[in-house]
Each structure stands twice: as structure tokens, then as C-alpha cells.
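Student: With these hints in hand, go ahead and build the complete structure from the sequences.
2 protein chains.
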Amino acid sequence: MLPPFWFLSYLEREGSFVVKPIIDDLIKLLGKDNVLTTREDLICHSFDATADMPSELPDVVVTPHTKEQIVEIVKLANKYMTPIYTRGSGTNLSGGTIPINKGIVLSMLNLNKILEIDAENLTATVQPGLVIQRLNDAVAPYGLMYPPDPGTVTTATMGGSVAECSGGLRGLKYGVTKHYIMGLEVVMADGSVVRVGGKTVKNVTGYDLTKLFVGSEGTLGIITEITAKLIPAPEYRKTMMAVFSDLDKAANTIRDIIGNKVIPATLEILDNVTIRTVENFMKIGLPVQAEAILLIEVDGIKEVVLKEAEIVEEICKKNGADEIKVAQTDAERDGLWTARRAALPALAQVKPTTVLEDATVPRSKIPDMIKALREIAKKYNLTIGTFGHAGDGNLHPTILTNAEDKEEMERVHKAVDEIFEVALKLGGTLSGEHGIGMAKAKYLEWEFGKAGLEVMRKIKEALDPNYLLNPGKIVGRG
Amino acid sequence: MLPPFWFLSYLEREGSFVVKPIIDDLIKLLGKDNVLTTREDLICHSFDATADMPSELPDVVVTPHTKEQIVEIVKLANKYMTPIYTRGSGTNLSGGTIPINKGIVLSMLNLNKILEIDAENLTATVQPGLVIQRLNDAVAPYGLMYPPDPGTVTTATMGGSVAECSGGLRGLKYGVTKHYIMGLEVVMADGSVVRVGGKTVKNVTGYDLTKLFVGSEGTLGIITEITAKLIPAPEYRKTMMAVFSDLDKAANTIRDIIGNKVIPATLEILDNVTIRTVENFMKIGLPVQAEAILLIEVDGIKEVVLKEAEIVEEICKKNGADEIKVAQTDAERDGLWTARRAALPALAQVKPTTVLEDATVPRSKIPDMIKALREIAKKYNLTIGTFGHAGDGNLHPTILTNAEDKEEMERVHKAVDEIFEVALKLGGTLSGEHGIGMAKAKYLEWEFGKAGLEVMRKIKEALDPNYLLNPGKIVGRG
Chain A
1 MLPPFWFLSY LEREGSFVVK PIIDDLIKLL GKDNVLTTRE DLICHSFDAT ADMPSELPDV
61 VVTPHTKEQI VEIVKLANKY MTPIYTRGSG TNLSGGTIPI NKGIVLSMLN LNKILEIDAE
121 NLTATVQPGL VIQRLNDAVA PYGLMYPPDP GTVTTATMGG SVAECSGGLR GLKYGVTKHY
181 IMGLEVVMAD GSVVRVGGKT VKNVTGYDLT KLFVGSEGTL GIITEITAKL IPAPEYRKTM
241 MAVFSDLDKA ANTIRDIIGN KVIPATLEIL DNVTIRTVEN FMKIGLPVQA EAILLIEVDG
301 IKEVVLKEAE IVEEICKKNG ADEIKVAQTD AERDGLWTAR RAALPALAQV KPTTVLEDAT
361 VPRSKIPDMI KALREIAKKY NLTIGTFGHA GDGNLHPTIL TNAEDKEEME RVHKAVDEIF
421 EVALKLGGTL SGEHGIGMAK AKYLEWEFGK AGLEVMRKIK EALDPNYLLN PGKIVGRG
Chain B
1 MLPPFWFLSY LEREGSFVVK PIIDDLIKLL GKDNVLTTRE DLICHSFDAT ADMPSELPDV
61 VVTPHTKEQI VEIVKLANKY MTPIYTRGSG TNLSGGTIPI NKGIVLSMLN LNKILEIDAE
121 NLTATVQPGL VIQRLNDAVA PYGLMYPPDP GTVTTATMGG SVAECSGGLR GLKYGVTKHY
181 IMGLEVVMAD GSVVRVGGKT VKNVTGYDLT KLFVGSEGTL GIITEITAKL IPAPEYRKTM
241 MAVFSDLDKA ANTIRDIIGN KVIPATLEIL DNVTIRTVEN FMKIGLPVQA EAILLIEVDG
301 IKEVVLKEAE IVEEICKKNG ADEIKVAQTD AERDGLWTAR RAALPALAQV KPTTVLEDAT
361 VPRSKIPDMI KALREIAKKY NLTIGTFGHA GDGNLHPTIL TNAEDKEEME RVHKAVDEIF
421 EVALKLGGTL SGEHGIGMAK AKYLEWEFGK AGLEVMRKIK EALDPNYLLN PGKIVGRG
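Chains A and B, in that order, give the protein sequences.
Residue numbering for the first sequence follows the UniProt record's numbering, starting at 1 and increasing by one per position.
Residue numbering for the second sequence follows the UniProt record's numbering, starting at 1 and increasing by one per position.
Since the hints were made in silico from the structure, they are not lab data.
Be careful, since some hints might not be right.
Pairs count within a copy or across copies, as identical chains cannot be separated in the list.
Claimed, not checked - Subject to a maximum C-alpha distance of 30 Å in a straight line, what follows is the list of computed DSS-like cross-link-like pairs (lysine-lysine):
(1) Lys67 to Lys450
(2) Lys307 to Lys229
(3) Lys261 to Lys67
(4) Lys79 to Lys229
(5) Lys261 to Lys229
(6) Lys307 to Lys75
(7) Lys249 to Lys229
(8) Lys283 to Lys317
(9) Lys379 to Lys351
(10) Lys458 to Lys75
(11) Lys450 to Lys79
(12) Lys173 to Lys379
(13) Lys249 to Lys379
(14) Lys318 to Lys302
(15) Lys425 to Lys229
(16) Lys450 to Lys113
Tutor: This is the structure we're talking about:
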């Protein structure tokens, strides 16, 4: 339950009792340049990359440069009982950074340093505002890589991707963000600073708070430092595309590849709607009659990659692929990836609004899920293009619609409800990689039941009893 | 803070106000055969594999067969405010299962079924009382394996190893238990049942409760079902032993192997004390003058393994190994592993009491740690043999002593304090794989500070406000 004084403060703040003094205090703390209050600045921080979400202007945006400043900001938030929304680049797809209860948007973009690359222990320690790609650029000369690769890798920050536990195309073989976060420094809701985890590969000292903070979407603490695990970069890769006239054949191919103990770095699928849309957009000669295209990349040591690529090609043939293209050069590889990379932009240009979901099912249930998505599209008379990470069961059904069309949006909302219902029925989960945020908070009880939700709420209230940190997200009240 | 009624209940129980009625209720629930109260039974459940720990007789031991019975046991524990200690085989090394406040020992050994092997999704779902090795035996025909391999793999249960987050010899390449637990069913302290995680490779739906329960040592909930990730078993392996007259040479070898992007499945070290003790015990021709022996095993696809084995051999030579033995047959492989397998039993027979620690440091700090251990042994006039998982920085300094010798035990306790002090100073952690339990609870603040400890305590009290679940462990009050 929200404590009553929080509401009081909220009402006071609405009436501007609080906004002026907190802004004065923030300016005293950070200097005028780091306290943004113009309407333009507030609008820019009122939304994120998520479609079909309410937006709200924050009272103020702050851009601190140090952890010590963040501690003081948290103390001010406590003093004025004003919420804080920590934010990187705002590329998330769950409404995870929307300042729905007004208050302070805390931009981490000035804390963007690489603090250490420890090649011997295979770790890097960075500040949360660092863009993911910059970490990979910095460790590449050591022959190392940081595997998590959300689509927004060139704009999203490390802090944002840790808070959301980003996935990406390499999840099947390499796992997701949580598998690479070894240690964190976190400012708690009361302004205390804790360090959890560290540089040791093995660590069972107390509760695994590191993994609890990863994916907690800024609702349990503010991440101020990240120690990430690196791995040796693969020396070689082989990419191929296989075209199928039948969804089941594609599904059997996925099953047989993994059944033959080949774990590709990426194993992506595009369905017919996506194929037709991409072809219409790009004119790259995709087979518009195909029911599914699989894009498969194996990587590692050259000898192994060549052997695995052969196995994969054979499995595609055996399962009746109509066409298999194996890239022989880097240029050909880029060509094959064009279709996948164009999937979202191509779908997004068809209609004004793109509702991108990430319902996820056990790998073996992918054909059932794709068939169910087709039926849902038909039932609600909607266009749904589906693409995504078939290898790990993480699909992206993408509804092409128009937020202005109230009647259609009603059908969209019903379709989304049904997508999650089916995913859960198939043993899946609400979100494979986008997170819960505001977008899926209402579905959470479907997956966890009242008891499970209560466990999450108890943890939230134990660590942030006044709901100051990113309210309205996951179990936070908006 | 403990609520006052808990103390009241405790005092009442001491005076046997409570013991009789709870036993009657338990017999009603489970039948006489599943409620053990003889002195022999109580003694058998009063300790675990940890040396130098207090032991305490529980009031009663129960051996339920179903989750529903466990829910009812928890309700009784609430009714009588009596603690519950969930227990598998009791092989842990942290005092994690000692019924220090009396109450109910809940043995999970009757819940020992494999519920499902899902080869297509690479998962297995099991009950917590299943012995780890039995899972591996069952999945081997599918060409799969469950990688976590604590030394006690043939006796420890899945539930115990999940609760303690066991490590083992394959941690460097394959990770530890937490990396393989995808979903759990848990009975909470209030008797509610929650299911967290599931079979999807990607899952970011709400807080990662699965990882929070793994390693929580039975203090946050009672695990009643486990969904584990399986991986294709490696088809080939190559094992070698390298002998070094100088610790730094061995350390440089470890650094160079990983620097050359070879990640062995196991990379173990034995120090001079351990080598001499094993040789004295086994007479297998170990070089008793050597400062360190490295045991290295690479596994995977045959072509790669052969290539990696060559690289490792060359690195050992380059770093001045006095002798390198490469196993050519399975029998030779077993021969090489004899020394490592004999390390603990050999050390354990020297003196009546074996204090086995698992302080862990970043890999690059292993030489510093081993040197510090030598100095500590000298300073306190103790025999410390060190062996362990050099590849992941997880060492096992083993103090050979006698619990009856009060004066020596005082020196042992000071030495242990200093071992943890050094490990933390080197950027390490209190426990790499044994857990905190009772044994290291007093050191927890050294690693996390007051603020970090407070975060753990808040989570504990949010989920188990009456400290009914395994009190006295981690942040629980004993």
C-alpha cells in the first residue's frame, strides 16, 4: 500500500507547492546546466520508444556527472517525496522510462566512461551511460566481446540494457544481459550505496542481488557502475538463408539443428507477412510466396564452423527447403542479413503505429505460436507480421495499426491480450527481452498468480517503501 | 528485528509447551512413518558436512512425499511459530542445514522423481530430492548433460545444490548451478505456492525470482520443483598434468591459457602441501618437490579439442613446466585425476579436523592468494594445504587441525579471519561455491557493508517476517 503522505505530496506537487523548491535545490546541487526545465526538454523526456503508451511531462530533468550527485538527488527525492525515473537513451519497448507520476527524470548520459578493461580476468567495468557498442569497440582490440546485442546496440546504454535485461539476436548461443553482469554498484531508494557481485566467476556470498537488480527496470535501485563479463570473440562465422514453403518444415529444421547439437549464434525467422512487406519496401528479390525464411549464423573456431555449417545445410535440405543461400563473402553475408535488418523498419512504414510485442514460448512451440498469431490476425482483422529469434522461442509479432483509429486500436488491444494468453498457455512468458514496464504490468498476474505478484511487491516495498523509484513499472503503482 | 512473539514461542518450545502438539499434528498429516522423533533420527539430522560448527538436535524430522504436504507443514510451522530447516543429503560445507534454533527438519529425500526430460527444449524438470548424478544418468542417453558438478555429485540432491548454488570443477567453462536453473516452484513462508521462470531461454517478466531463490539456502522459500537447462554433452576430451617448480610459472600458465582464448572445462591446481600429502597417502609417484601441479582438461568437438590441447601443452612448456603428461587413454586420464580426487581425503586423514574454505579471488590474483595463504600458515603455525579451481579463482585452502585442541583452534579461527580479509582485499569474495550458511554469516558485512547487509535483511524479512525458514543462515538470526 502507498503510504498516505505520498499521495499528499503528489497532490501538493500537482499544485506546484513542491516543484519550485526541489528545482532550486537541484540547481544548487548540480548547477543550472544540469537541471533542465524548458518545455522542449521536458517533452523529450516524456516518452520512450514504446508505441501506444500514455506520456507525461516530468517536472524536471537532471543530468548529473557523479555517483555522489546521484546520492544527493535521491536524498532530495526523499525530502520532497518526489519520484525518480532513471533513464539512458530511452530505447526500451515497455514504457519503462515514462515519468507517469511526474517528478525527476534522471538522465545517466553524462556517466559514460569505461572505467577499466581487465583482459586477464575477462571483465570490463563501465558507467551506466556508456553506449553498448562503445564497449564492444573498446574490447575488440583485445580479441574480446560483450555478447548481448539488442537491436539498439548503437544507441542504447549499458545502464538501460542492464535495467531492462536486454536480449538480442545472439541469445540462443550466448544468453542475454543477465548472463554477463558480474557486479553492480547501486544507489538505493534511501540514498545508501551498495556494491554487489564482483569480478569472480564464482560467487555465492549471500543473496544474488546482482541478478535481482538486472531487469528490475530502475524500480529497486539506481545502477551507477557495472562490471561485465567478456568472452573471446569468435574467429570465424558462416551465414546462410533457407526458404520454406511450409511453416512446419521451417519449425522441424529449427528442431533438428538443435537436436543435432549445433547451437547457432543466431537463428532467426521471418514469416510471410514480413517477407512480403520487406520485399515491397526493399526490392531485394525475396520469395514473396514463401511461408518462412530462416537466417542462420554459426560462429566459433573455423574448423568447427565449417563442419556445423555443413550439418545445418544438410538439415535444411532434408526438411525440404526450397532454396538455401550460403554467404561466401562478407558482402554476401551483409546481403543475407538485409532482410532481417529491414524487418522492423519495413513493417513500421506500412502504417503509422507499430505495436511490437515479444511474447516468448519454449522453442518447440514456435509453430503453434505462429499459427495462433495468424488466427488472431484473422479474428481481429489486423495485419500482424512476425519475425524474431526462433532459436530461443522469442518472437516479435508486430501489429501494424494507427493509434488515431480508436476502433482499430480496440481490436489491437484485444489481439494483444490474446497473444499473451496463448503464449502463457504454450508454457511461455510475457516478455522474452523487452521487459514489463508499464506496457505489460497488467498481465503480470496471469503469469505469476496473486501469490507470485505478492512476492514481487513485497521485495519492491522492502527496498523502496515510498515507491520513489520509477513508479508505475512492473509492480510499482502509477 | 525479530517480532517478540517469536521469542515467546521459542521459550515456550524450550519448555516443551509446543513440541508435543506439533508432533501430534504432523503425525496426523504425514502418518507415523514420516515423522521421526527417536534420538538416533534427531542426531542424524543435527549436523551436516561442515567442520567446526555447533550442532543442535531438532524437535522432529519429517519426510513428506508431496508438495501439498509441505504446504501443510509450513502452515503448522506458522501455527506454532516453529522454524523449518529444509534439507537434502546435508553435504553442504557452510553449516547450511544445522537446526540451530530447534524445530522441524524437513527432509526432501522422498521427493526424488524426474518429472520430465524435454530433449527438444533442452530442459529437465525434477523434484528437489533427486541426487544430481541420477539426472545426468537419465539425460546421457539423449546425448545431453547437466553441467554443475560439485564434488558430492553422487550424494548431493538437486534441491540442496540449487539452495546452495553449488559450483564444482567445470565452473570455468560451464558456469555454476545458477546458470542452469530456469524455473522453480517454491512454497513461501506463508504457505503460498509460486512458480517462477520456466522453459523459455529468454525471460524478463518481472524480477528474476528464480535467481534470487538459487543460493538463498532455504531462507526465502522451500523449493519443490526445479526446471534445469541441459546442454549437448561434449563428444571428446583431453586431459593433461603439468608440474611446476615455481608458483609464478604455474600462474603465468593459467593466465596465458585463457589469454590464448582456450577455456578449459577444468583447470585445477594443487600446491606443495597438498602434493606431498597426497603422495604420502597414495604413493602414486607425484613430484614432492614441485611447488604446483596443474590439471587441465579441454572438451568439446574432437578437432577443436586436439587443437586446444596442443596450444595448452605449448603454453605449459613455454612457461617452464618441469614435466607434462598428456593422457592417451581413459585409464591414463583416470590416473591423472587421482591426485586431484585424493586431495581432500588425503588432507583429511592427516589430522582429526579439516577446515575447508572456499575464498575466491579474480583469476589473476591466484599467485597473490596462494602466497598469502603460505604466510598465514607460517604466522599461525598451521598446516594449510591449498587446491582448487584455479581457472575460476576458487581456491580451497584446507586447514588441518584438531577441534579438541582449543589453543590450536583459536589460531585456526584467526587464520580463517585473515584468509577472508586477504581474499576481499584482492577483490575476491567470501564464498565461491560453498555458501554462507552459519559458517560465514559473521563475515558478510566485511564484503557488503552495513548497507548491503541491510538490503539482504530487508528481502529476508519481506518474504519471511518471522524467520521461520532456516533461521541462523546468511542474514537469519540464530
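Student: At most 30 Å between alpha carbons: which applies to Lys79 and Lys229, within, between, both or neither?
Tutor: For Lys79 and Lys229, neither the intra-copy (37 Å) nor the inter-copy (46 Å) Cα distance is at most 30 Å.
Student: Can you tell me if Lys249 and Lys379 fall within 30 Å by alpha carbon in one copy, between copies, both or neither?
Tutor: within (25 Å within a copy, 69 Å between copies)
Student: At most 30 Å between alpha carbons: which applies to Lys249 and Lys229, within, between, both or neither?
Tutor: between (37 Å within a copy, 26 Å between copies)
Student: For Lys261 and Lys229, with the copy left unspecified, which applies at a CA distance of at most 30 Å: within, between, both, or neither?
Tutor: both (25 Å within a copy, 14 Å between copies)
Student: Using 30 Å as the alpha-carbon threshold, which applies to Lys458 and Lys75: within, between, both, or neither?
Tutor: both (23 Å within a copy, 20 Å between copies)
Student: Regarding Lys67 and Lys450, is the shortest C-alpha distance of 30 Å or less found within a copy, between copies, in both, or in neither?
Tutor: between (37 Å within a copy, 19 Å between copies)
Student: With 30 Å as the alpha-carbon cut-off, assign the pair Lys307 and Lys75 to within, between, both or neither.
Tutor: neither (58 Å within a copy, 57 Å between copies)
Student: Cα distance capped at 30 Å. Does Lys379 pair with Lys351 within a copy, between copies, both, or neither?
Tutor: within (19 Å within a copy, 75 Å between copies)
Student: Is the C-alpha distance from Lys283 to Lys317 at most 30 Å within one copy, between copies, in both cases, or in neither?
Tutor: within (26 Å within a copy, 58 Å between copies)
Student: Taking 30 Å as the upper bound on the Cα-Cα distance, should Lys307 and Lys229 be classified as within, between, both, or neither?
Tutor: both (28 Å within a copy, 25 Å between copies)
Student: Give the relationship of Lys450 and Lys113 under a CA distance limit of 30 Å: within one copy only, between copies only, both, or neither.
Tutor: between (42 Å within a copy, 28 Å between copies)
Student: When no copy is named, should Lys318 and Lys302 be tagged within, between, both, or neither for a Cα gap of at most 30 Å?
Tutor: Classified as both: same-chain Cα gap 24 Å, cross-chain 25 Å, threshold 30 Å.
In terms of the numbered hints stated before, the structure departs from hints 3, 4, 6 and 12, listed from lowest to highest.
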